[in-house]
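Which chain is which? The protein sequence lines are A and B, in order. Each residue of the first sequence is one higher than the one before, starting from 59 at the first, in my numbering. Each residue of the second sequence is one higher than the one before, starting from 2 at the first, in my numbering.
Keep in mind that a hint or two might mislead.
[Unchecked claim] Taking lysine-lysine pairs in the PhoX-like style, the calculated list, with each CA pair at most 25 Å apart, reads: (1) A/177 with A/252; (2) A/177 with B/73; (3) A/157 with A/252; (4) A/157 with A/169; (5) A/196 with A/169; (6) A/132 with B/149; (7) A/91 with A/132; (8) A/120 with B/149; (9) A/91 with B/149; (10) A/157 with A/196; (11) B/73 with A/252; (12) A/169 with A/91.
Since the hints were derived computationally from the structure, they do not count as laboratory data.
Here is how the chains run, residue by residue.
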Amino acid sequence: MFHNRYFAICLMLLGLAGCASERITLLPDADGKVGALVVTRDSGGEVRLDQAYGSARVEGSKVEFRQSSASEVKERYNATLAAIPTGTQSYTLHFVIEKTTLLPESQATLKTILEDYSKRPAPEVIIIGHTDKSGDAKYNEELSQRRASAVRDQLVAGGASPENIETAWRGDREPLPETVGKIYDQRNRRVEVKIR
Amino acid sequence: MNYKVMNYRCFSLSIARGLLATSATVVLVLVGSCLASPAALALDVAGTVKTSQGNVHILRDGKSIPAVVGAKVMAGDVLRTSSESSAGVTLKDDTRVSLVPNSQVVLDKFAFNANTHEGGMFLSVLKGTLSMISGLLVRANPELVRVKTPTATIGIRGTEFIVDVP
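This is chain A alone, in the form it adopts within the complex (with noise of 0.2 Å):
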């Protein structure tokens, strides 16, 4: 019942205030991809978007398709999408076996992610140690956390803040996925660096 006075008032108000719909814009993200979005008007009506730049248009009595574009998006929104933080980054560093000491591919990576961190507004960084499936479980569930306090240990040294950092491990227990049946294998004596 309220909606038709919510509709009255709209209309008795136009252009004093102005009833402008809500407007929800499916864009495609950073690689060229478009998810989808279901807009779902709380007293009733649906709009499902899945192409680029579809747009729901939600009024008083009403959802609608419109189809925008990349320039009236570029336009009308140019604001609010150049204050949207620097995606997350994903590093792997990878270990000599049974060690704590990087493969020497490894530390050109590290000095890559300290310039991506000091590149950062209040940078968090995620440390994820893993070992192969030689040797006990028990045993690398350690080194693998050593392997995680070697990388915070390296990058604090390099400047980055050690209260920014979070160290976790996994020992053996997530190997990569085309590794699964292997037990010595070079890929998954990593750590996992994540900045964000």
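Put chain B on the given structure of chain A with help from the hints.
The following block gives chain B in isolation, referenced to the frame of chain A:
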């Protein structure tokens, strides 16, 4: 009740502002009283302010906290930008959101387990414009992530979108 209040937002700009503030309080009270596990969950950090220009505030427990870069955002917080202000927040599941000037958004619920990716999110756009790039929660549990406007609910299957509430 809060949505009923919000449905009268066409009166005039100044009255609408007052009503929106009221409804934000109502949302907060509802969230506060409905969450099953109270303090621990509500106090968990949900995200971090990454970009902040001009006058941006977090309203929490009746207090207004400046949302400077590095400020933590928690479930239950209201984020508010004044004129010529904008803000960007990254949540724990890598969801990214930004607000333009004169926007008001409530992070009604946020829970995320970094190990299992379990959890959910409920976010209300009371006014202004929000852009969102969804994160791990939508990938793991799309049915448990919702964005609410004053008159509609948005179910999200990914990834990037804009919600514009006049």
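Going down the list of hints, with the structure as the test:
no.: 1; hint: A/177 with A/252; result: holds, 14 Å
no.: 2; hint: A/177 with B/73; result: holds, 19 Å
no.: 3; hint: A/157 with A/252; result: holds, 22 Å
no.: 4; hint: A/157 with A/169; result: holds, 20 Å
no.: 5; hint: A/196 with A/169; result: violated, 31 Å
no.: 6; hint: A/132 with B/149; result: holds, 24 Å
no.: 7; hint: A/91 with A/132; result: holds, 18 Å
no.: 8; hint: A/120 with B/149; result: holds, 16 Å
no.: 9; hint: A/91 with B/149; result: holds, 24 Å
no.: 10; hint: A/157 with A/196; result: holds, 15 Å
no.: 11; hint: B/73 with A/252; result: holds, 19 Å
no.: 12; hint: A/169 with A/91; result: violated, 31 Å
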